[in-house]
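There are 4 protein chains.
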Amino acid sequence: MAKRIDPYMPTPADKFTFGLWTVGNPGADPFGKATRAVLSPAEIVDAIGEQGGAYGVNFHDNDLIPIDATPAEAAQIKKDFRAALRRHKLRVPMATTNLFSDPVFKDGAFTSNDAEVRAYAIHKTMNAMQLGAEFGAKFYVFWGGREGTESDATKDPVVATKRFREAIDFLCDYNKSQKFGYKFAFEAKPNEPRGHMYFSVTGSYLALIPTLKHPEMCGVNPEFAHETMAGLNFTHHVAQALEAGKLFHIDLNDQEIGRYDQDFRFGSVNYKAAFFLVKLLTDYKYKGPKHFDSHAYRQSDPKDVGHFARGSMRTYKILESKVEKFNKNRKIQSLLNKINRDNAKLSKLTRNFSKANAKALLATDFSREKMAKKSLPYEELDQLVFEFLNGA
Amino acid sequence: MAKRIDPYMPTPADKFTFGLWTVGNPGADPFGKATRAVLSPAEIVDAIGEQGGAYGVNFHDNDLIPIDATPAEAAQIKKDFRAALRRHKLRVPMATTNLFSDPVFKDGAFTSNDAEVRAYAIHKTMNAMQLGAEFGAKFYVFWGGREGTESDATKDPVVATKRFREAIDFLCDYNKSQKFGYKFAFEAKPNEPRGHMYFSVTGSYLALIPTLKHPEMCGVNPEFAHETMAGLNFTHHVAQALEAGKLFHIDLNDQEIGRYDQDFRFGSVNYKAAFFLVKLLTDYKYKGPKHFDSHAYRQSDPKDVGHFARGSMRTYKILESKVEKFNKNRKIQSLLNKINRDNAKLSKLTRNFSKANAKALLATDFSREKMAKKSLPYEELDQLVFEFLNGA
Amino acid sequence: MAKRIDPYMPTPADKFTFGLWTVGNPGADPFGKATRAVLSPAEIVDAIGEQGGAYGVNFHDNDLIPIDATPAEAAQIKKDFRAALRRHKLRVPMATTNLFSDPVFKDGAFTSNDAEVRAYAIHKTMNAMQLGAEFGAKFYVFWGGREGTESDATKDPVVATKRFREAIDFLCDYNKSQKFGYKFAFEAKPNEPRGHMYFSVTGSYLALIPTLKHPEMCGVNPEFAHETMAGLNFTHHVAQALEAGKLFHIDLNDQEIGRYDQDFRFGSVNYKAAFFLVKLLTDYKYKGPKHFDSHAYRQSDPKDVGHFARGSMRTYKILESKVEKFNKNRKIQSLLNKINRDNAKLSKLTRNFSKANAKALLATDFSREKMAKKSLPYEELDQLVFEFLNGA
Amino acid sequence: MAKRIDPYMPTPADKFTFGLWTVGNPGADPFGKATRAVLSPAEIVDAIGEQGGAYGVNFHDNDLIPIDATPAEAAQIKKDFRAALRRHKLRVPMATTNLFSDPVFKDGAFTSNDAEVRAYAIHKTMNAMQLGAEFGAKFYVFWGGREGTESDATKDPVVATKRFREAIDFLCDYNKSQKFGYKFAFEAKPNEPRGHMYFSVTGSYLALIPTLKHPEMCGVNPEFAHETMAGLNFTHHVAQALEAGKLFHIDLNDQEIGRYDQDFRFGSVNYKAAFFLVKLLTDYKYKGPKHFDSHAYRQSDPKDVGHFARGSMRTYKILESKVEKFNKNRKIQSLLNKINRDNAKLSKLTRNFSKANAKALLATDFSREKMAKKSLPYEELDQLVFEFLNGA
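Read top to bottom, the protein sequences are chains Y, Z, U and D. Read left to right, the first sequence gives residues 1 to 392 (my numbering). Read left to right, the second sequence gives residues 1 to 392 (my numbering). Read left to right, the third sequence gives residues 1 to 392 (my numbering). Read left to right, the fourth sequence gives residues 1 to 392 (my numbering).
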């Protein structure tokens, strides 16, 4: 059996990453206590490394260094963590700030109504950027976990936007000034833990970026579960970011629509949706990290957490291999060719405006009836996809 | 009683507008036939005018001129429509194109897989822009009713974005070339009639605009029901548009979260949400049209449609008057003042980056515990809002 | 290759049925006109019959006989329809009443605020039951398409329940009196076309049935899309009906959570959810009709409607064959055996109450820690399911 | 002004109750630590008592006695709790079991796949029933917080139903045997903390009850937030329970559709929905406890928690007073009278089946057109409701 190679075995070239808070998640939830032991950062790195094939480990500042650690404790943790990373040849591609757990942020960080809290949030982020840089992180993620409201009486949403921008502009300049070389990646979420969060979808951040002082430094980190919570098509949102050159980082997991944040294993709820995301990333040659921002079921023990981590990567590889086959599938491709109808003459007219093109276009005689009758065998195509994805 | 004046009586200065398709809606739905007679455009203008207080009437090209009308028929309809507008001193502030009803658009207009359909959609829009201009419209709305997919096998979302941009760039140039003077306003919607629509939320369009050839010409037309369908906070999305100077037009109605497009009377589902929207528009002095994109219940007869139209405007006026009182309410304002805590010294540090400011900020000693303990009486505030809004 | 037989070819023994309104759906929606020709009932039967393998065709009274048909027209339609059924050896297992399309039902049928409308709804159902009986239907479905409200000011929900019960009790007696031999099957739906519909989920009807005069005659007809619209787990709801012996009929289709009624092809949105439904029906030997209450995409032409119909049946067969393999899969079954832990001694105590059992149970010394530590490898299991379903 | 009495001051006759876990909620959530101190049961009773007007305090076994308390600790806690209750003249109308926090229940209690866990869950409930009885509780609530699945591979939903029934039948008998005199009240929830919970809506339990050994002992405890999470109309579900004589207890709070469990202050999201619930309870003279199963915002300090508790009761009283006015409002009542059309002759025919009635009904000549034309001024009515509720 020595020669049999698992075609879905991940390698560092796949750039699969996990957060300390994902594989290290102890299984607590609003209605129940932890079901797994809390692990040290180094132990989590070991757990990730032992699965084989991962590329890196990401952290929030306080995943690594508790908010109330002494300098000596911090130094020891960093040492152990660094050793574990080396042991497993894992990098730290991304870092981020925890601006949501501590009670100080109970009403927001960059958008808090309290100027002192806003200043502290920037201060904390500056330190956290320094920490990430020490480990070589090149992506810096911003998820505004507490930026929002339950009652709109409490905060002015226009003011909140301005406050958020001010903080980011400051931090972009700090990034330059310190030569950290970070790319900033904003992560949107519609709700939870706040009733309504600002910048609720990826598009909200794509819209913010051009209004920043350093738009070139900023992109997005869309998370599968977040658009999905609101019933939106995640792949479409990622596509807009990709097309704009702003897909810096991506968070993979799964989620059922219209409920609490589940952070399920990638692909575990809706295989078809996961497939079309992998297809987009593959077809458009996304090269950034693929971060699994998810955790094992609360029922899982440490061994099953391993299945969760391996399964996350395997699922991506399986879908990636399906993409390759999909793109070569004669029946499917022939249908797609049939469906995509070019028209060189008309396309030339509409590609760029000129008075002549406009005139010619206006003078064109279109037959609605004829156009409407052209065949679009989408049931045939989608049924083929079903049978293809199921291996039937 | 002659002197008693209704404080909620609308006037044209309020800029309330209705679409031909709203007051003229005959009450059909996917499961049932029309319950009201189909009215001519002139009859609809009469119905709107008779309520008193409206500012204008908007249309899709084919609300006014049926897609298969002869030139003679079109001329007669326009004449009658114009006379009715004059009769009631109503304007046409906004026009738009129907790119969704005809079977030719069954798989999209600007993003169709068929180049001929894409060209026809531009051609149709050019004609519709001409029609709107004849009636003095200054806002041109784009709602991509069929731009999307049911199965993501059928269309490439990156390509779709490019196709959409190409069409808009062409039409912006056409707008300039014809000196129509339109402001373009994009209207997002997450789904229905397509399973997933591109540019699903207002932010998606705000993100697209800076990538267009003529961003200055383009803004958004958010619709209350559309973000609400996805459970998002409409007011937050409008606030982002406002802050970016891109709120050109707005569609007011109501909707329950997570279901079919209901287009209910403004304020009829959630008074509190409607109040905070009116507050935002009032506080930030929004001056554009307030368009009621809604229709009466299917049970309503023409007289009840009148109640619907009057009620839409009255509700806005009632909430507007509540905003004024809210902003003067001593108890509420005193709580808000307490909640918003400035800190001149820290704000000065964070306002603009400099190495000195960064250094000073890093050196600041923050007490998390103290900050976390500052009072945020949000239950008290929100309960006050409840009692205020209910007149208790 | 002549001998190769398609293992997923349906046969009448599968009891797959289609409604006249499904394969005959012309593709209109709230935003667009029909994209396909309206077919006569006989033509629809032909279209179904030509796919091969179907068992039957179901109808609403007015799918077959337009509400305003003359007796002569009705007679001709019935004759043609009967001939088509015979031509294709198709039965009519189920019939139902259209109590939602005509404006008379705009505010409900059995629960209308108007006693005359309520009486007419019963009258119309009596006639429709007669029509179904003429074609041998044995299941009679009740979907209260207009029983509900948009504003709860308009109707008293307690009164509505009583009105609904009165109508059903009357019709059960009528069923007996006429010896139609129908089984009544109630179909729940949370919303659309009403803002909120009474008896919004399958459980609501299961709860109503024991309060009826003839509970034995009544069961449910759950529809995949309906519980799914509300984000509920359809399979769990079907399981409760099955366990109660009340699963008389089932409607298969697909739907994304939290949006308009999509009636997509079975299995086309979420393969995994469809699989576990088929598993439940297979494991518990459901023998009733499997009705595809769905329609082709609006883009489809008649040929593609054929793909839709065949695809619906194929998908079920594919999933059914996967169930068989799942139930034999050694790895999966071994995990399931491990997970399901019996305990003969304790089970004996809890199976039936007695003072002695209660005492013994209270005296039992349970170790929470030990129990909590038992392994539940649910990630491993669910990942196996993913790989199994994808044929990886 | 000394004589002015607050008309919205609650009294024990209102039967408002709070759970220990509501006013005592420390403000932790999945993304953040507690923002308020953990209080002892006696301290929570003090906090409730100090607001004035409450009727009682409810608990889960482990709200009162920690799961690992020694007998001596338990005795002391009970003593202090009892003293506090006396101090404030508060009762304990309801008790319940925590079958969800401890890791032992990570995959369910009564429906666990492990027979030992199932037995322990019954054992724990027996003890908890004893504890509730010591404090005079007469309602015993069952919320199956962990009864459900994330992946349907893990548990058979038919088996789960049977397991649940077995546990309840046992506990009903225990209730009788111990002469506790409890009424059992089942509380449904669609999801969270499980991906999908069994008995997901109130109707599911109403359907289960007639299949139990002691249906007369069992009813429901619907919770506003739970049906609302799934976008269902809570009032309709309560109405079905009321009509069936099964509304034993009710949980009041608020929630936005389609997201995590928010447990907001009653009435704080949607005033209109809250009003129609209070109207139902008032009109149908519901006499059971009105339990506020909610908690203050995470931003609130203890003083603001007081505002939350008082606000909850005040909101109910305000809405109750509005119901009284609504029922006397001449304009609204006159519209309602107009809308509800009786027809003595037809009602007599449909009330009870007889062959003669059936014949007469079939022979009745209905004019659909005439019936469809009868006026239903629902926009007028709903706009009146808006203006009425807003005090305009």
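Bear in mind the hints are in silico, worked out from the structure with no lab data behind them. Treat the hints loosely; a few may be bogus.
Identical copies carry no separate label here, and so any pair may be met within one copy or between two of them.
Taking lysine-lysine pairs in the BS3-like style, the calculated list, with each CA pair at most 30 angstroms apart, reads [as the list claims (entries may be wrong)]:
1. K328 with K317
2. K359 with K179
3. K317 with K359
4. K370 with K179
5. K345 with K79
Tested hints:
For a Cα distance limit of 30 angstroms, the shortest separation of K328 from K317 qualifies both inside one copy, at 17 angstroms, and across copies, at 26 angstroms. With identical chains, the CA atoms of K359 and K179 are at most 30 angstroms apart between copies only, with a shortest distance of 15 angstroms across copies and 54 angstroms within one. Neither within a single protomer nor between protomers do K317 and K359 lie at most 30 angstroms apart by alpha-carbon distance, with minima of 51 angstroms and 46 angstroms respectively. In the homo-oligomer, the alpha carbons of K370 and K179 never lie at most 30 angstroms apart, since the shortest distance is 61 angstroms inside one protomer and 33 angstroms across protomers.
With identical chains, the CA atoms of K345 and K79 are never at most 30 angstroms apart, being 66 angstroms at best within one copy and 37 angstroms at best between copies.
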